[in-house]
Amino acid sequence: MPTIIVCLKQAVDVTELKVDSATQRLMTADAPRKISDFDKNALEEAVKLKDKLGGEVIIVTVGPEDAKMVLREALAIGADKAYLLSDPSFERSDTLAISYILAEGIKKLGNFDLIFCGEASIDSYSGQVGPRLAERLGLPQITYVRALSLDEDTIVAERSLEDCHETVKAKTPVLLTVTKEINEPRIPSLMAIMKASKKEITIWSAEDLTVVKARVGEAGSAIQILEVLAPKMERKKIVVKAETVGGVAEKLAKALVKDGVVGR
Amino acid sequence: MKALSEFRGVWVFSENLDLMLELLGKGSELADKLSVELTAVLMGYNVKDQTSKLIEHGADKIFIVDRPALKNFYVEPYTSALVQLVQQHKPEILLIGSTRRGREVASRLATRLETGCVPDCTELSIDDGGRLIMSRMVYGGNAIATEVCRVKPQIATVPPRVFEKLEFKERKGEVVEADVELEEPRTEVVETREIEAAKVKVEEAKVIVSGGRGVEKKEDFEILEELAEILGGQVGNSRPLAEDRKWFTEWIGLSGHKVRPSLYVACGISGVIQHVAGIRDSHVIVAINKDAEAPIFEVADYVVVGDLYEVVPALSVALRKLLKGG
Ligand SMILES: Cc1cc2nc3c(=O)[nH]c(=O)nc-3n(C[C@H](O)[C@H](O)[C@H](O)COP(=O)(O)OP(=O)(O)OC[C@H]3O[C@@H](n4cnc5c(N)ncnc54)[C@H](O)[C@@H]3O)c2cc1C
Ligand SMILES: Nc1ncnc2c1ncn2[C@@H]1O[C@H](COP(=O)(O)O)[C@@H](O)[C@H]1O
Chain F
0 MPTIIVCLKQ AVDVTELKVD SATQRLMTAD APRKISDFDK NALEEAVKLK DKLGGEVIIV
60 TVGPEDAKMV LREALAIGAD KAYLLSDPSF ERSDTLAISY ILAEGIKKLG NFDLIFCGEA
120 SIDSYSGQVG PRLAERLGLP QITYVRALSL DEDTIVAERS LEDCHETVKA KTPVLLTVTK
180 EINEPRIPSL MAIMKASKKE ITIWSAEDLT VVKARVGEAG SAIQILEVLA PKMERKKIVV
240 KAETVGGVAE KLAKALVKDG VVGR
Chain B
0 MKALSEFRGV WVFSENLDLM LELLGKGSEL ADKLSVELTA VLMGYNVKDQ TSKLIEHGAD
60 KIFIVDRPAL KNFYVEPYTS ALVQLVQQHK PEILLIGSTR RGREVASRLA TRLETGCVPD
120 CTELSIDDGG RLIMSRMVYG GNAIATEVCR VKPQIATVPP RVFEKLEFKE RKGEVVEADV
180 ELEEPRTEVV ETREIEAAKV KVEEAKVIVS GGRGVEKKED FEILEELAEI LGGQVGNSRP
240 LAEDRKWFTE WIGLSGHKVR PSLYVACGIS GVIQHVAGIR DSHVIVAINK DAEAPIFEVA
300 DYVVVGDLYE VVPALSVALR KLLKGG
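First to last, the protein sequences are chains F and B.
Letter by letter, the first sequence follows residues 0 to 263 of numbering that gives the first Met the number 0.
Letter by letter, the second sequence follows residues 0 to 325 of numbering that gives the first Met the number 0.
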């Protein structure tokens, strides 16, 4: 029966982000958080495998204390155990440092068969943490998985690339990153939510993980962010109006010709 | 960590040769600014005949790894070859083509070298201190982040069709057989199914007429196709039409193609940030939507509140009349 680890990120809900119009800065601190979309697909796939084969689903998150909220939701969806790797020294970690912290946490957990990650997280959208973690743990990886099956110690996965779909075989343990296409995540029932509130969330600090301080947080990050600004989108926003649809079309057509974007 | 000054030179790598030419275009600008050599890493099987093309497009030097073991793409042999080459020669900058395969190699490589990697850069430049300044979209397209890498090599991945190829005449370059050992793959590809690609790459289209969930049936795309044809362009679509409805295999947006046509016509697309992230650089945007509150109107030059089933055919008629006259 497989032991499955899911790496889950508490991400900024990017559809709820507001921009401070004076400074063009994003107000990320006030934005709501949620389970990163593709990580929900990753979790769903793990829970589906457990429903079929038995075993256990463990979720791991690197994040602040309040990430407990998303871990509760993940437990309600069907995870059995949750680990929050949390320490003030982890703040501002880039993917190099996040993958290091995750790797140390997963080593402490012990044996496993599969690790699931999302193809990318919705806020930073780097798609690096999965492959970086595979590298640190010395695992084979299959990225962009859209369908899979597990038979004993063999995983068969279909992955989508730009120009083809590949069917790939590997022996466990293996790390997989999944796309949104792989499944439709379930919405937990009230019953499941109640039950989940009794499950335990374990918090591991830097000390518990015996991580090297110089390798986490800002000190352990290779990337330095100079600035994050909302792009300027200056559009004309001209409302095209007329009595009839034909009139609207005519006005629009003329404007486009005048702008030099049609008629070559 | 090595002293930073020990690292010298700009390198490019992509398993996609066309993308590698684009990387050379940007790479030669960066190398000129730093007064260093530009090197391409060419890997694969039977790829020797590509060297002259790489030189014409700006490479001063090519490391070639041409082996049967590289006939099919696996991440382990490619990564191990790059790791060894970088350790032997210490470039300061490495640009890697941001395909789904390339991103995987870049992440593994950066981890093995304990360095950073900025993904999907849309702008690259060198500052006065000789650092690589990298910009990319974050927060689902809500913002552009500008980043630097404090460790060398500084690694960036670059998506297709962001930078121009440059062609030079009568250039000379050196081709060097790389001395590397390849790691064995740890996965096995048992089947490959080609996806039928669009006839014209949507990034190259001058005009794009795009449909979203406001288009009810796949057959209804005919009216968009007609408009696109009159405009000498191509049709495109939002992600749900590919992912949920399975009408298409590709889409435009943050997680799909990023386009920059002179004219983008959005029909029945709400304009959620992830879609807008892919059309931001369009010269003129027309939005047709029956909901006056649709967010797409916030990013449009021309706002048409109406039913696409009426507006699109009427626009075709009006344009046909106008263009025939001119
Ligand atoms: C991480 C992530 C990445 C994503 N990446 C992408 C991406 O790359 N590209 C992308 O497109 N999406 C992406 N999405 C999905 C995105 O969030 C939206 O769900 C999607 O763009 C909505 O598509 P739509 O506008 O076609 O559909 P809807 O949002 O359903 O909008 C349909 C619109 O059509 C209008 N309409 C309906 N009927 C008519 C009519 N007869 N005439 C005129 N107007 C009509 C409606 O008013 C509505 O505004 C991503 C999501 C996530 C979470
Ligand atoms: N802080 C984190 N905690 C746990 N998992 C993470 C974290 N950040 C990223 N991941 C995992 O790595 C994937 C890719 O993230 P990213 O590299 O940020 O695009 C996500 O979908 C998660 O599965």
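Honestly, the hints are just simulated from the structure, not real lab data.
Possibly wrong hints are sitting among the right ones.
[Stated by the list, open to error] Quick list of in silico lysine-lysine cross-link-like pairs, DSSO-like style, CA-CA up to 27 Å:
| id | chain 1 | residue 1 | chain 2 | residue 2 |
| --- | --- | --- | --- | --- |
| 1 | F | Lys49 | F | Lys67 |
| 2 | F | Lys253 | F | Lys170 |
| 3 | F | Lys257 | F | Lys17 |
| 4 | B | Lys47 | B | Lys70 |
| 5 | F | Lys17 | B | Lys289 |
| 6 | B | Lys164 | B | Lys60 |
| 7 | F | Lys49 | F | Lys198 |
| 8 | F | Lys257 | B | Lys323 |
| 9 | F | Lys212 | F | Lys235 |
| 10 | B | Lys320 | F | Lys168 |
| 11 | B | Lys245 | F | Lys231 |
| 12 | F | Lys236 | B | Lys70 |
| 13 | B | Lys200 | B | Lys89 |
| 14 | F | Lys250 | B | Lys323 |
| 15 | F | Lys47 | B | Lys245 |
| 16 | B | Lys171 | B | Lys200 |
| 17 | F | Lys253 | B | Lys171 |
| 18 | F | Lys17 | F | Lys67 |
| 19 | B | Lys60 | F | Lys240 |
| 20 | B | Lys164 | B | Lys217 |
| 21 | F | Lys250 | B | Lys60 |
| 22 | B | Lys289 | F | Lys250 |
| 23 | F | Lys17 | F | Lys80 |
| 24 | B | Lys200 | B | Lys217 |
| 25 | F | Lys106 | F | Lys170 |
| 26 | F | Lys231 | B | Lys205 |
| 27 | F | Lys240 | B | Lys320 |
| 28 | F | Lys257 | B | Lys217 |
| 29 | F | Lys106 | F | Lys257 |
| 30 | F | Lys257 | B | Lys60 |
| 31 | B | Lys320 | F | Lys250 |
| 32 | F | Lys168 | B | Lys245 |
| 33 | F | Lys253 | B | Lys205 |
[As the list claims (entries may be wrong)] Which residues of chain F face chain B? A partial, calculated answer using Cβ under 7 Å:
| id | residue |
| --- | --- |
| 34 | Cys163 |
| 35 | Ile202 |
| 36 | Asp258 |
From the three backbone atoms N, C-alpha and C, an ideal C-beta is built for every residue, glycine too.
So, going through the hints one by one against the coordinates:
1. F:Lys49 - F:Lys67: holds (23 Å)
2. F:Lys253 - F:Lys170: violated (62 Å)
3. F:Lys257 - F:Lys17: violated (35 Å)
4. B:Lys47 - B:Lys70: holds (13 Å)
5. F:Lys17 - B:Lys289: Cα-Cα ~25 Å, so holds.
6. B:Lys164 - B:Lys60: Cα-Cα ~17 Å, so holds.
7. F:Lys49 - F:Lys198: holds (17 Å)
8. F:Lys257 - B:Lys323: holds (15 Å)
9. F:Lys212 - F:Lys235: This hinted pair is violated, its Cα atoms lying about 51 Å apart.
10. B:Lys320 - F:Lys168: Not OK: B:Lys320 and F:Lys168 at ~57 Å, beyond 27 Å, violated.
11. B:Lys245 - F:Lys231: The given pair, whose Cα atoms are some 34 Å apart, is violated under the 27 Å limit.
12. F:Lys236 - B:Lys70: violated (51 Å)
13. B:Lys200 - B:Lys89: violated (36 Å)
14. F:Lys250 - B:Lys323: holds (16 Å)
15. F:Lys47 - B:Lys245: holds (23 Å)
16. B:Lys171 - B:Lys200: Distance ~32 Å between B:Lys171 and B:Lys200 Cα, so the pair is violated.
17. F:Lys253 - B:Lys171: This hinted pair is violated, its Cα atoms lying about 51 Å apart.
18. F:Lys17 - F:Lys67: This hinted pair holds, its Cα atoms lying about 24 Å apart.
19. B:Lys60 - F:Lys240: Violated, because 59 Å separates the two Cα atoms, which is more than 27 Å.
20. B:Lys164 - B:Lys217: violated (36 Å)
21. F:Lys250 - B:Lys60: Roughly 55 Å separates the two Cα atoms, so the pair is violated.
22. B:Lys289 - F:Lys250: The given pair, whose Cα atoms are some 18 Å apart, holds under the 27 Å limit.
23. F:Lys17 - F:Lys80: violated (34 Å)
24. B:Lys200 - B:Lys217: holds (20 Å)
25. F:Lys106 - F:Lys170: holds (19 Å)
26. F:Lys231 - B:Lys205: At roughly 23 Å apart (the allowed maximum being 27 Å), B:Lys205 and F:Lys231 satisfy the hint.
27. F:Lys240 - B:Lys320: Judged against 27 Å, a Cα distance of about 20 Å means the pair holds.
28. F:Lys257 - B:Lys217: Roughly 32 Å between the alpha carbons, so the hint for F:Lys257 and B:Lys217 is violated.
29. F:Lys106 - F:Lys257: violated (64 Å)
30. F:Lys257 - B:Lys60: Not OK: F:Lys257 and B:Lys60 at ~48 Å, beyond 27 Å, violated.
31. B:Lys320 - F:Lys250: holds (12 Å)
32. F:Lys168 - B:Lys245: holds (26 Å)
33. F:Lys253 - B:Lys205: holds (18 Å)
34. Cys163: holds (5 Å)
35. Ile202: violated (26 Å)
36. Asp258: Holds - the Cβ of F:Asp258 comes within 7 Å of chain B, reaching about 6 Å at its closest.
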